[in-house]
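Asks: Listed below are the residues making up each chain.
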Amino acid sequence: MIRNCLLCGVGGQGTVLASKLISAAAMQRGDDVRTAETIGMAQRGGCVVSHVRIGRDIHSPMIPLGQAQIILAFEPAEAARCLPYLVPGGTVVVNRKAVQPVTATLSGKPYDAQAVLDYLAAQVENLVVLDGDAVCAQCGSPRVLNVALLGAAAQSGALGLTCEELSAAIMQRVKPQFHSLNLQALALGAQAAEKELSHEDEAGTV
Amino acid sequence: MAKTFLMGNEAIALGAIHAGVQLVSGYPGTPSTEVLETVAKENPGHIHVEWSVNEKAALEVAAGASYAGARVMVTMKQVGLNVASDPLMSLVYVGIEGGMVLVVADDPGPISSQTEQDTRHFARFAKLPVFDPSSPEEAYAMVREAFEVSEKYHTPVILRPTTRVCHGCATLETQPALPARPVPGFGKDSSRWVIFPRLSNANHKKIEAYLPQLGKEFCESPFNRLSGFGRRGIAAGGIAYEYLMEALGENTDVRVLKIGTPHPFPASLAVEFMTGLDEVLVLEELDGVIERELTVLCGRYHLRTKILGKASGHAPCAGELSVEIARELAEAFLTGSEAAVPLPNPPPLPVRPPVLCAGCPHRASFYAVKKAMEGKKAVFSGDIGCYTLGNAQPLDMTDTCLCMGAGVTIAQGLQAVEPDAVHFAFIGDSTFFASGITGVVNAVYNQHDMVLVVLDNSTTAMTGHQPHPGTGRSAMGEIAGRIDIEKVLEALGVCSIQTVDPLDHKLAVEAVRFAAGIPGVRVIVFRSPCVAIAHPNIPFRVNERCVGCQKCIRELGCPALVLQDGKAAIEPSLCAGCGLCARICPAHAIGGVEA
Numbered sequence: 005m006i007r008n009c010l011l012c013g014v015g016g017q018g019t020v021l022a023s024k025l026i027s028a029a030a031m032q033r034g035d036d037v038r039t040a041e042t043i044g045m046a047q048r049g050g051c052v053v054s055h056v057r058i059g060r061d062i063h064s065p066m067i068p069l070g071q072a073q074i075i076l077a078f079e080p081a082e083a084a085r086c087l088p089y090l091v092p093g094g095t096v097v098v099n100r101k102a103v104q105p106v107t108a109t110l111s112g113k114p115y116d117a118q119a120v121l122d123y124l125a126a127q128v129e130n131l132v133v134l135d136g137d138a139v140c141a142q143c144g145s146p147r148v149l150n151v152a153l154l155g156a157a158a159q160s161g162a163l164g165l166t167c168e169e170l171s172a173a174i175m176q177r178v179k180p181q182f183h184s185l186n187l188q189a190l191a192l193g194a195q196a197a198e199k200e201l202s203h204e205d206e207a208g209t210v
Numbered sequence: 004m005a006k007t008f009l010m011g012n013e014a015i016a017l018g019a020i021h022a023g024v025q026l027v028s029g030y031p032g033t034p035s036t037e038v039l040e041t042v043a044k045e046n047p048g049h050i051h052v053e054w055s056v057n058e059k060a061a062l063e064v065a066a067g068a069s070y071a072g073a074r075v076m077v078t079m080k081q082v083g084l085n086v087a088s089d090p091l092m093s094l095v096y097v098g099i100e101g102g103m104v105l106v107v108a109d110d111p112g113p114i115s116s117q118t119e120q121d122t123r124h125f126a127r128f129a130k131l132p133v134f135d136p137s138s139p140e141e142a143y144a145m146v147r148e149a150f151e152v153s154e155k156y157h158t159p160v161i162l163r164p165t166t167r168v169c170h171g172c173a174t175l176e177t178q179p180a181l182p183a184r185p186v187p188g189f190g191k192d193s194s195r196w197v198i199f200p201r202l203s204n205a206n207h208k209k210i211e212a213y214l215p216q217l218g219k220e221f222c223e224s225p226f227n228r229l230s231g232f233g234r235r236g237i238a239a240g241g242i243a244y245e246y247l248m249e250a251l252g253e254n255t256d257v258r259v260l261k262i263g264t265p266h267p268f269p270a271s272l273a274v275e276f277m278t279g280l281d282e283v284l285v286l287e288e289l290d291g292v293i294e295r296e297l298t299v300l301c302g303r304y305h306l307r308t309k310i311l312g313k314a315s316g317h318a319p320c321a322g323e324l325s326v327e328i329a330r331e332l333a334e335a336f337l338t339g340s341e342a343a344v345p346l347p348n349p350p351p352l353p354v355r356p357p358v359l360c361a362g363c364p365h366r367a368s369f370y371a372v373k374k375a376m377e378g379k380k381a382v383f384s385g386d387i388g389c390y391t392l393g394n395a396q397p398l399d400m401t402d403t404c405l406c407m408g409a410g411v412t413i414a415q416g417l418q419a420v421e422p423d424a425v426h427f428a429f430i431g432d433s434t435f436f437a438s439g440i441t442g443v444v445n446a447v448y449n450q451h452d453m454v455l456v457v458l459d460n461s462t463t464a465m466t467g468h469q470p471h472p473g474t475g476r477s478a479m480g481e482i483a484g485r486i487d488i489e490k491v492l493e494a495l496g497v498c499s500i501q502t503v504d505p506l507d508h509k510l511a512v513e514a515v516r517f518a519a520g521i522p523g524v525r526v527i528v529f530r531s532p533c534v535a536i537a538h539p540n541i542p543f544r545v546n547e548r549c550v551g552c553q554k555c556i557r558e559l560g561c562p563a564l565v566l567q568d569g570k571a572a573i574e575p576s577l578c579a580g581c582g583l584c585a586r587i588c589p590a591h592a593i594g595g596v597e598a
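If you're matching them up, the sequences are chains C and V in order. Taking the numbering used here, the leading residue of the first sequence gets 5, the next gets one more, and so forth. Taking the numbering used here, the leading residue of the second sequence gets 4, the next gets one more, and so forth.
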């Protein structure tokens with residue numbers, strides 16, 4: 005069985021580290037991993053996408069359209085842009101906050117993030133909207149959005165990795181002085197997702 | 004051996020270390036940069052690793068070491084090969100002693116390059132063998148084989164990965180490293196190492212004799228192979244082969260030819276593949292290199308196989324391929340296409356052109372020049388680096404960009420025929436050393452009238468912060484010789500040099516006004532470290548004094564400045580505290596946290 009995870013966001017948000025942590029966690033479990041990253045000019049505020057593919061006999065480093073079990077979106081518009089990669093019935097974990105490109109700010113016409121979140125809610129069977137800002141504020145660092153999203157993704161079950169496995173990867177790949185900060189963000193991300201998922205269940209049973 | 008998780012570029016680096024490489028030189032360029040960085044990081048201690056001043060220098064340094072019998076590797080991106088082509092073309096004729104592998108990374112798309120040039124053509128043009136890996140695993144294996152071929156035929160060999168192989172990661176098994184071998188030393192022999200027309204003529208004949216021989220050997224190579232059955236065939240090379248295999252899945256009702264050595268072409272294997280086939284589709288990125296080889300073979304061997312690809316309009320002529328494109332083309336070719344059900348269209352999504360980072364000193368430099376030249380006729384020639392992004396609105400300060408170092412000299416040509424404008428050339432510190440100095444020599448010697456603006460952020464930022472001759476650090480992170488940009492310019496005889504911190508907006512504007520007002524070759528060095536490596540300051544904030552004039556947003560285009568309820572606001576996760584917006588705010592509404 006191949007597990008495909010797509011991460012998308014805006015250059016500078018930390019997608020590459022998140023993809024490395026997923027890969028490290030899967031490798032520690034003994035799985036083979038193939039990934040593709042966006043490196044270069046797009047890292048300066050452009051759209052960035054990381055493809056992570058876990059399993060044996062995988063050819064393409066890029067996930068084919070319609071085959072990602074989960075999308076970790078650091079930004080709503082990037083989630084919508086990458087939605088064609090999602091398998092029917094798949095999971096999207098998306099950060100609520102929009103990043104407005106300079107061109108949009110300049111034109112005085114920021115894009116309508118709520119409309120994009122509504123679109124995601126209508127199209128995605130399993131949608132987890134994470135308030136990344138709240139988690140970052142609780143942790144006291146704006147740089148832990150990536151790990152908070154990982155926590156939420158693990159909690160959703162669609163990532164196929166547990167928070168414990170991701171914690172081990174953090175201990176292995178992140179500098180020691182940032183361990184506790186990242187473990188806190190991981191736990192808070194998971195908690196936030198748990199809340200949202202239980203709300204969904206309630207709504208489903210009513 | 005143990006399984007490790009490696010990026011394609013890391014796999015190439017380890018492949019070279021395990022093959023006993025003794026010298027690695029290169030110049031940074033996406034998507035090739037991590038190869039040399041990984042050799043530096045994993046250096047067992049005996050490998051000489053250097054970021055050379057440019058690709059030509061890198062190749063020549065490596066050639067010298069190879070003459071003495073050392074195994075060497077040179078790394079660059081595809082446009083870097085243009086810079087290195089002068090020594091390369093001759094080196095093929097002279098030949099080498101220790102194995103030499105040139106890693107030249109191509110960039111289909113292009114994603115981070117000026118061109119979609121295809122290095123496989125270059126290999127054919129230069130009469131060089133070229134290996135074309137389809138995965139990090141294959142790239143690792145090919146490096147060792149490339150050294151063997153290089154030493155067997157005394158020729159440099161190119162390994163040409165593309166972006167998706169360079170920046171893809173995979174789990175792979177490495178081989179035990181070959182035992183280190185001593186460098187035999189340079190054997191003086193002027194009939195071998197000094198190129199003269201007679202030597203070139205004799206060696207040209209040798210090259211033309213061994214290339215077909217090597218092509219035959221390549222027919223047995225594991226990097227070229229046949230699979231599948233049927234009367235239709237698909238040929239593929241590089242990452243396109245993996246896309247094809249992913250798209251075909253369990254389907255084996257098609258014959259597949261994988262090409263891992265596009266030059267010299269494994270002709271007899273290709274003829275075996277085409278024999279009995281009615282049609283062959285070719286899947287490859289960049290140019291139709293395999294397609295052309297197959298077409299020629301059909302003519303030479305009177306085969307009736309029809310070759311479909313880029314020339315026939317069956318495959319896209321530009322841009323990357325993907326599993327989807329491979330599937331669509333293969334299905335249309337094999338059966339007739341079936342369309343997937345599309346999602347409903349999302350609401351309008353923003354476009355995201357790359358921009359200068361929040362706090363980037365280049366923004367301040369461009370803004371200072373812009374303000375100083377307001378209302379005056381001026382042309383702004385740009386160059387290669389992060390500062391090419393100075394073209395974006397609202398700065399709009401890059402009127403030309405061609406190739407490394409060209410801005411300095413293009414400004415001179417513009418000035419020669421349009422003397423009534425002030426001609427500026429912007430160049431980064433790394434690019435200045437790579438190929439800018441020659442242009443300054445030309446300007447002084449030919450008495451051009453121009454303002455050279457050196458944007459010195461003390462690193463090679465775009466490719467991920469490599470050191471260069473101005474930084475005083477080597478590729479191995481050690482103290483190195485440091486070249487002083489101002490002293491170089493002084494020695495070249497420019498008429499005025501001013502060094503200014505661009506974040507000091509008022510001083511910066513004054514410096515530009517002064518330079519613009521005098522004749523000759525004038526230089527401003529705007530020096531301020533790259534915000535991605537400097538320790539960021541505390542984010543600034545907009546206070547209640549903001550009147551909503553939006554001057555900061557309209558004039559700076561900083562990604563940290565956003566519009567909130569008609570007023571400016573600063574996104575704290577992005578702001579690096581450079582303070583430029585505070586300096587230009589007419590309402591004094593922006594300040595540090597206490598403001």
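It should be emphasised that the hints constitute simulated quantities derived from the structure, not laboratory data. Do not take every clue at face value.
Listed below are the simulated DSSO-like cross-link pairs for lysine-lysine, each with C-alpha atoms no more than 30 Å apart in a straight line [to be verified]:
no., chain 1, residue 1, chain 2, residue 2
1, V, Lys309, V, Lys208
2, V, Lys490, V, Lys374
3, V, Lys570, C, Lys113
4, V, Lys570, V, Lys373
5, V, Lys570, V, Lys509
6, V, Lys155, C, Lys113
7, C, Lys179, V, Lys44
8, C, Lys101, V, Lys379
9, V, Lys219, V, Lys208
10, V, Lys219, V, Lys209
11, V, Lys155, V, Lys208
12, V, Lys309, V, Lys130
13, V, Lys373, V, Lys509
14, V, Lys44, C, Lys113
15, V, Lys374, C, Lys101
16, V, Lys191, V, Lys219
17, C, Lys113, V, Lys373
18, V, Lys554, V, Lys379
19, V, Lys570, V, Lys554
20, V, Lys554, C, Lys179
Covered, in the sense of this in silico footprint (three residues per stretch, anywhere, with C-beta under 8 Å from a C-beta of chain V), are these stretches of chain C [stated by the list, open to error]:
no., region
21, 58–70
22, 77–87
23, 155–169
24, 183–193
Here a beta-carbon is modelled for each residue, glycine too, at the ideal position from N, C-alpha and C.
Asks: Is the Cα-Cα distance between Lys219 of chain V and Lys208 of chain V 30 Å or less?
Replies: OK: Lys219 of chain V and Lys208 of chain V at ~18 Å, within 30 Å.
Asks: For the pair supplied as a hint, Lys490 of chain V and Lys374 of chain V, confirm whether the alpha-carbon distance does not exceed 30 Å.
Replies: With Cα atoms ~28 Å apart, Lys490 of chain V and Lys374 of chain V stay inside 30 Å; holds.
Asks: Does the structure keep Lys374 of chain V and Lys101 of chain C at a Cα separation of 30 Å or less?
Replies: violated (34 Å)
Asks: Hinted pair, alpha-carbon criterion (30 Å max): Lys309 of chain V, Lys130 of chain V. Please report holds or violated.
Replies: OK: Lys309 of chain V and Lys130 of chain V at ~28 Å, within 30 Å.
Asks: Does Lys554 of chain V lie within 30 Å of Lys570 of chain V when you go C-alpha to C-alpha?
Replies: Distance of about 10 Å is within 30 Å: holds.
Asks: For the region 58–70 of chain C, count the residues whose Cβ lies under 8 Å from any Cβ of chain V; is that count three or more?
Replies: With 8 residues close enough to chain V, the hint holds.
Asks: Is Lys570 of chain V close enough to Lys509 of chain V, meaning Cα to Cα at most 30 Å?
Replies: It holds: about 25 Å lies between the C-alpha atoms, which stays within 30 Å.
Asks: Is Lys570 of chain V close enough to Lys113 of chain C, meaning Cα to Cα at most 30 Å?
Replies: holds (14 Å)
Asks: What's the verdict on Lys309 of chain V and Lys208 of chain V, does the C-alpha distance respect the 30 Å limit or exceed it?
Replies: violated (34 Å)
Asks: For a C-alpha distance cap of 30 Å, please report whether Lys219 of chain V and Lys209 of chain V respect it.
Replies: At roughly 16 Å apart (the allowed maximum being 30 Å), Lys209 of chain V and Lys219 of chain V satisfy the hint.
Asks: Assess, step by step, whether the Cα of Lys155 of chain V is no farther than 30 Å from the Cα of Lys208 of chain V, and give holds or violated.
Replies: Given pair Lys155 of chain V, Lys208 of chain V holds - Cα atoms ~17 Å apart, limit 30 Å.
Asks: Given the hinted pair Lys101 of chain C and Lys379 of chain V, is their alpha-carbon gap at most 30 Å?
Replies: violated (42 Å)
Consistency with the previously given hints fails for numbers 1, 6, 8, 14, 15, 16, 20, 23, 24, ordered from lowest to highest.
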